[in-house]
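Enquirer: Listed below, chain by chain, are the residues.
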Amino acid sequence: VSPIETRHRADAARRRAAAVAALAYLILALLPLLLALGPPRPAGRRFWLELSLALGFVALGQIALQLALIARFQRISEPFGIDLVMRYHRHLGVLATLMVLAHVLLLGWQRPALWRALVPGGGGGAALGTGAWSTLAVLLLIVLSFWRRPLGLGYEAWRVSHALLGIAALVLALAHVLLAGVYAAAAWKQAILALWGAAFVGLIAFLRLVKPIALARRPWQVAEVRPDVRGCWTLALEPVGHAGLGFAPGQFAWLKVGVSPWSVREHPLSFSSSAERPERLEFGIKEAGDFTRTVGALAPGTRAFLDGPHGSFSCDFHPTPGFVFVAGGIGITPILSMLRTLADRGSGDPHALVYACSAWDRLVFRGDIEALRDRLDLTVAYVLEEGPEGWSGPVGYIDRETLASALGQNPTARQVFVCGPDPMMDAVEALLRDCGVPGRRITMERFNLV
Amino acid sequence: MQPSRFPLGSSLLGATLVLAAVVFAWARSTTPGGGPPARQPEPQAQATATATAELGAEVWAARCASCHREGEARGRSIPSLHGFAVDLLVAEGGREYLVDFLFDGRVRQVSNREVSYVKSHPEYDALSDAEAAAVLNHMLTSWGNVEFLPEEEPPYTADEIAARR
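As they're listed, the protein sequences go chains V and W. Take the first sequence: its letter number 279 is residue 279 in the working numbering, and every next letter is one higher. Take the second sequence: its letter number 163 is residue 1163 in the working numbering, and every next letter is one higher.
Read the hints as simulated data drawn from the structure, not as lab findings. Careful: at least some of the hints might be erroneous.
Ranges of calculated distance between the beta carbons of each label pair, as one might list FRET restraints [to be verified]: (1) 195(V) x 1066(W): 51 to 61 Å; (2) 140(V) x 1008(W): 25 to 35 Å; (3) 8(V) x 1008(W): 39 to 49 Å; (4) 160(V) x 1070(W): 54 to 64 Å.
Some but not every residue of chain W turned toward chain V, in silico, with C-beta under 10 Å [as the list claims (entries may be wrong)]: (5) 1021; (6) 1023; (7) 1028; (8) 1104; (9) 1125.
Don't be surprised by glycine CBs; every beta carbon is placed ideally from N, CA and C.
Start from the sequences and build out the full structure, keeping to the hints where you can.
Expert: Have a look at this one:
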């Protein structure tokens, strides 16, 4: 099988997997609406009233599916990449909220008596009450997500609140539909809806309660914490009583260190080590948040647990003859993992790296990259916002010329991997397309997952 | 161009979901579907009081009598309408409440006469305005209810129903 054929097969398989996942999403999200069409159903009513109910059913499906999107199923998220799945989650979550609001406003417009029944003692009944509480849960969830920092809510507290509010919104919305009766007034519909809802709540229960049992069986310990440039560290872990963890270079894992496997204190970290060394894992970490600022103080021997590997940001999933890597700052971490792996595998293909950073003395892992140049056919271009004295390389942000020269003669031949801060990734993506790189040849990972 | 800001996938998924809701609403609003029997023909605009009363009795027989019979209480869930229907009408907000109840299928409490049946009721949106007015008037004038009906309470009209539903 020729390399070109391998590449085409990988592209086609990814497209198929993406289509299947999208179709499954639609069917599961529309299930409550499809059930409503089954008999017995009430007589058809005015368009706006029916639209209000339809939006309510679709919103119910959407709320449930959000629990599945975050449940870290590698097989489902692989064709998209976990960061894209997270953005889907945000978009579709906001859309679900708008649908809930449209449902409430349209229904209130069509049935003004319901507004009066909403006041305590208004005789609204359980159907109206559960609907109102579910709406409040959704709104609170959105407010806490968009204004977490101004509200002074810590990250871990937010995650717990997010999961609990999401589950509450789903359970209350489901009770609302079952109690309201109109379209769900049949035992078979109620049974299917209840099972369907329980499956999504079960997913979260599995992730939070059952999966940690598996994590506890494969513990790790801190082997070493090595300082790199200012504010950046390499954290090395070694397995305790097992063979280690196989992963694809460029992937990441959720790390819990110094806490129980059931703790919500976990952090998504990219591997920086070679995938050929599953028995000693390294992670590149930049001090940015509550946890990352304390990495330097971690003592060797500290117990750790790893949920992974996750992510599709890997050259293993995009077989092309050589790769082009574009890194910004600490975004070099997964790329270093890929370069190290390629070197360990004796890759003879031509690779290129464009590495942007604020200053020469802030270039993380520069020593490691320089060492890799001896083992790989690798061209490296550093782009510095401010060059040191005597610097002759490019200055400022990554520009078209630098990228074009890294891409070489045929910009469609090699997969391009981009990892860095959001504004840089957007700018680089636009420039890459301008250079003639098609969308399917660009793989991006945003590391501000959370 | 910032294509990554709005992934095509979630936009397409979202659009499909909204479209599904609109198609559902359109399909449901243009077909009467199951539930209560099909729509009765509307009476002439200049229908006489007799014709209206006949219509009310007809709708009652077709839609209501299977549960309410002739307005008597049945078990715990179906209250007697003898007198009670008028109690509801004259309670504060009762006139609108009877209309809302007929179309909405939901019950709230009506306070000043301590009326507290809180049960659900089938929705009768398939009724025309004239049919709804006629059947409400039928209920309020049958089984001796007319004796309790205050003179200042006029019969329901199709226009009043149309404004409320």
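Enquirer: Hint by hint, note whether the structure agrees.
Expert: Outcome of the hint check:
Separated by about 33 Å at the C-beta atoms, residue 195(V) and residue 1066(W) break the suggested range of 51 to 61 Å. Remark: the range hint 25 to 35 Å for residue 140(V) to residue 1008(W) is upheld by a beta-carbon distance near 30 Å. The given range of 39 to 49 Å is broken by residue 8(V) and residue 1008(W), whose C-beta atoms sit roughly 21 Å from each other. Taking the beta carbon of each, residue 160(V) and residue 1070(W) are about 59 Å apart, inside 54 to 64 Å as hinted.
Taking 10 Å as the C-beta cut-off, the interface hint given for residue 1021(W) holds, the closest approach to chain V being about 4 Å. The criterion of a C-beta within 10 Å of any C-beta in chain V is met by residue 1023(W), whose closest approach is roughly 8 Å, and the hint holds. For residue 1028(W), the suggested interface contact is upheld, since its CB lies about 4 Å from the closest CB of chain V, less than 10 Å. Taken as an interface hint, residue 1104(W) checks out: its beta carbon lies about 6 Å from the nearest beta carbon of chain V, inside 10 Å.
The interface hint given for residue 1125(W) is met, as the beta carbon of that residue sits about 4 Å from the closest beta carbon of chain V, less than 10 Å.
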